[in-house]
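Novice: One letter stands for each residue in the lines below.
Protein chains: 2
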Amino acid sequence: MLTVIGIGPGSEAMMTQDAIAALKEADVVVGYKTYTHLVKPLVGDKEVIKTGMCKEIERCHLAIDLAEQGKNVAMVCSGDAGIYGMAGLILEIVTKQKRNVEVRLVSGVTASIAAAALLGAPLMHDFCHISLSDLLTPWDVIEKRVKAAAEADFVICFYNPRSRGREGHLAKAFELMAPWTSPSTPVGVVKAAGRKKQEKWITTFGEMDYSNVDMTSLVIVGNQSTYISDGLMITPRGYTL
Amino acid sequence: MLTVIGIGPGSEAMMTQDAIAALKEADVVVGYKTYTHLVKPLVGDKEVIKTGMCKEIERCHLAIDLAEQGKNVAMVCSGDAGIYGMAGLILEIVTKQKRNVEVRLVSGVTASIAAAALLGAPLMHDFCHISLSDLLTPWDVIEKRVKAAAEADFVICFYNPRSRGREGHLAKAFELMAPWTSPSTPVGVVKAAGRKKQEKWITTFGEMDYSNVDMTSLVIVGNQSTYISDGLMITPRGYTL
Numbered sequence: 012m013l014t015v016i017g018i019g020p021g022s023e024a025m026m027t028q029d030a031i032a033a034l035k036e037a038d039v040v041v042g043y044k045t046y047t048h049l050v051k052p053l054v055g056d057k058e059v060i061k062t063g064m065c066k067e068i069e070r071c072h073l074a075i076d077l078a079e080q081g082k083n084v085a086m087v088c089s090g091d092a093g094i095y096g097m098a099g100l101i102l103e104i105v106t107k108q109k110r111n112v113e114v115r116l117v118s119g120v121t122a123s124i125a126a127a128a129l130l131g132a133p134l135m136h137d138f139c140h141i142s143l144s145d146l147l148t149p150w151d152v153i154e155k156r157v158k159a160a161a162e163a164d165f166v167i168c169f170y171n172p173r174s175r176g177r178e179g180h181l182a183k184a185f186e187l188m189a190p191w192t193s194p195s196t197p198v199g200v201v202k203a204a205g206r207k208k209q210e211k212w213i214t215t216f217g218e219m220d221y222s223n224v225d226m227t228s229l230v231i232v233g234n235q236s237t238y239i240s241d242g243l244m245i246t247p248r249g250y251t252l
Numbered sequence: 012m013l014t015v016i017g018i019g020p021g022s023e024a025m026m027t028q029d030a031i032a033a034l035k036e037a038d039v040v041v042g043y044k045t046y047t048h049l050v051k052p053l054v055g056d057k058e059v060i061k062t063g064m065c066k067e068i069e070r071c072h073l074a075i076d077l078a079e080q081g082k083n084v085a086m087v088c089s090g091d092a093g094i095y096g097m098a099g100l101i102l103e104i105v106t107k108q109k110r111n112v113e114v115r116l117v118s119g120v121t122a123s124i125a126a127a128a129l130l131g132a133p134l135m136h137d138f139c140h141i142s143l144s145d146l147l148t149p150w151d152v153i154e155k156r157v158k159a160a161a162e163a164d165f166v167i168c169f170y171n172p173r174s175r176g177r178e179g180h181l182a183k184a185f186e187l188m189a190p191w192t193s194p195s196t197p198v199g200v201v202k203a204a205g206r207k208k209q210e211k212w213i214t215t216f217g218e219m220d221y222s223n224v225d226m227t228s229l230v231i232v233g234n235q236s237t238y239i240s241d242g243l244m245i246t247p248r249g250y251t252l
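Here the protein sequences line up with chains A and B, keeping their order.
So in my numbering, spot 35 of the first sequence is number 46, and the numbers just go up one at a time.
So in my numbering, spot 56 of the second sequence is number 67, and the numbers just go up one at a time.
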């Protein structure tokens, strides 16, 4: 059995009952080293296999091999495993290679949800998730989505907004949005949500400072109705008060 | 203190530790009757105030009044309270009316995440959430978003896809998407995710039958790369296998 677990943003408090139970029942825990570290208190002295960044395919093969050997394997992903996590790759490999492994997916709280609760209520209306990493997606596809989302007035959650080698992506995305997004549009940033080094701030589209955004950050750009009140970022659902 | 809690799709197993703790600590639980019923086993003999559908503003005022009187109030929402839930309305009222209430938001697993894990891994690439309810949103805004999302090849999660008085909305949305969405595009539907009456099925954009979709359903339309394999709906992240 291979259970692919979304552990949420990082703290045990934000994990689901299912995720905790699945971790406790596992024989072996597989994951990116940051994530296996986050669940350490729950794992005890179980076998833990950590792999580094960009080792996703290797990591999935390892987990599938172990499960095929009869081990109860827990693969940990941050947030939800089905959102830019490992659920897809696991299912792709298992179905394509007809591997003899039962896969179970356990949902988690993804970064946008955790960040939103820390900022106020920015996701109360239609929104989209866009990853600004072009490692696996051609940049022109990303561009098209950024422009479409801004033009149609979606609230936008940027995953992987900025990292080494992709320092300029967030600034480029903001440039693409500028024809439709007013400079006063609220923007919220949360870094390392639910972890020890958590930081958050709210600014505007026009005053955005990209330099403090990194790969652990989630950036939420409001829609035309989003406002800031008492330090909170709020997108009205549309009720008349 | 007023804690606005996302209880997830319905089962205790999919609630976070934080949500369970907040419910246990509360003096009084406020919510839409279906949701207070879902958490009944956790609530014990606490005071429970249920209100009906379309009573959102009344419900929020009730919760805020009780919290201002010094009660520890838990307001329960299905999924995540910050996604088409009550978090926004609570913050709108509290900030506008300068109410003397401390509000805490507890994140939950929203319907799209729970549905995705039941269908396979359809949300592995950029996606958006669109509510097809025009109770609070002009239909032309919804139309614009549906078309933009289809044109930019987002995976789309439809919330409130179809209900009494809005029987035709999902069919209309599909019509709007047709210029960009191929008939073979996989579509997944999950009804009452995580609850006793849970149902799910996978079909295609061209063969979609709207009649069995209701207001407890979540509909996910894939992007151009989404495929069906072994009865699972998978959107590749882009890894070369």
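None of these hints come from the bench; they were simulated from the model.
Among the hints, a few may not be true.
To be verified - List of simulated lysine-lysine pairs, DSS-like, C-alpha gap at most 25 Å: (1) B:K155 - A:K155; (2) B:K107 - A:K211; (3) A:K155 - B:K107; (4) A:K82 - A:K51; (5) B:K51 - A:K158; (6) B:K35 - B:K107; (7) A:K183 - B:K158; (8) B:K51 - B:K82; (9) B:K211 - A:K109; (10) B:K202 - A:K158; (11) A:K44 - A:K155; (12) A:K35 - B:K35; (13) B:K183 - B:K51; (14) A:K211 - B:K109; (15) A:K158 - B:K207; (16) A:K107 - B:K211.
To be verified - Part of the chain A face toward chain B, derived, beta carbon under 8 Å: (17) L147; (18) L187; (19) L252.
Every residue, glycine too, gets a C-beta built ideally from N, C-alpha and C.
Novice: If a hint holds in the structure, say so; if it doesn't, say that too.
Specialist: Hint check results:
Distance check on the hinted pair: K155 (chain B) and K155 (chain A) sit about 16 Å apart at the alpha-carbon level, within 25 Å; holds. With a CA separation close to 23 Å, the supplied pair K107 (chain B) and K211 (chain A) stays within the 25 Å bound. A distance of roughly 37 Å separates the Cα atoms of K155 (chain A) and K107 (chain B); the hinted pair therefore is violated under the 25 Å criterion. A distance of roughly 19 Å separates the Cα atoms of K82 (chain A) and K51 (chain A); the hinted pair therefore holds under the 25 Å criterion.
Between K51 (chain B) and K158 (chain A), the direct Cα distance comes to roughly 45 Å. Violation of the 25 Å bound is thereby established for this hinted pair. Of the pairs offered as hints, the one joining K35 (chain B) and K107 (chain B) is violated, with about 29 Å between alpha carbons and a cut-off of 25 Å exceeded. Restraint check for K183 (chain A) and K158 (chain B): satisfied, since their Cα atoms lie roughly 24 Å apart, inside the 25 Å limit. About 19 Å separates the Cα atoms of K51 (chain B) and K82 (chain B), which keeps this hinted pair within 25 Å; it holds.
For the suggested pair K211 (chain B) and K109 (chain A), the alpha carbons sit about 23 Å apart, so the restraint of at most 25 Å is met. The straight-line distance between the Cα atoms of K202 (chain B) and K158 (chain A) is roughly 32 Å, outside the 25 Å bound, and the hint therefore fails. Note on K44 (chain A) and K155 (chain A): the hinted pairing is violated, with a Cα-Cα distance of about 33 Å set against a maximum of 25 Å. For a cut-off of 25 Å, the pair hint linking K35 (chain A) to K35 (chain B) stands: about 23 Å separates their Cα positions.
Taking the CA atoms of K183 (chain B) and K51 (chain B), the gap is about 38 Å. The hint is violated against a cut of 25 Å. Straight-line distance between C-alpha atoms of K211 (chain A) and K109 (chain B) comes to about 23 Å, which keeps the hinted pair within the 25 Å bound. Annotation: proposed proximity of K158 (chain A) to K207 (chain B) is violated, straight-line Cα distance about 41 Å (limit 25 Å). Only pairs whose Cα atoms come within 25 Å are accepted, and K107 (chain A) paired with K211 (chain B) is accepted, the gap being roughly 23 Å.
With its C-beta approaching chain B no nearer than about 3 Å, L147 (chain A) sits inside the 8 Å limit, and its interface hint holds. Restraint check, L187 (chain A) versus chain B: the minimum CB separation of about 12 Å is more than 8 Å; hint violated. With 8 Å as the threshold, the beta carbon of L252 (chain A) comes within range of chain B, its nearest partner Cβ sitting at about 6 Å, so the hint holds.
Of the hints listed earlier, those the structure fails to meet are numbers 3, 5, 6, 10, 11, 13, 15, 18, in rising order.
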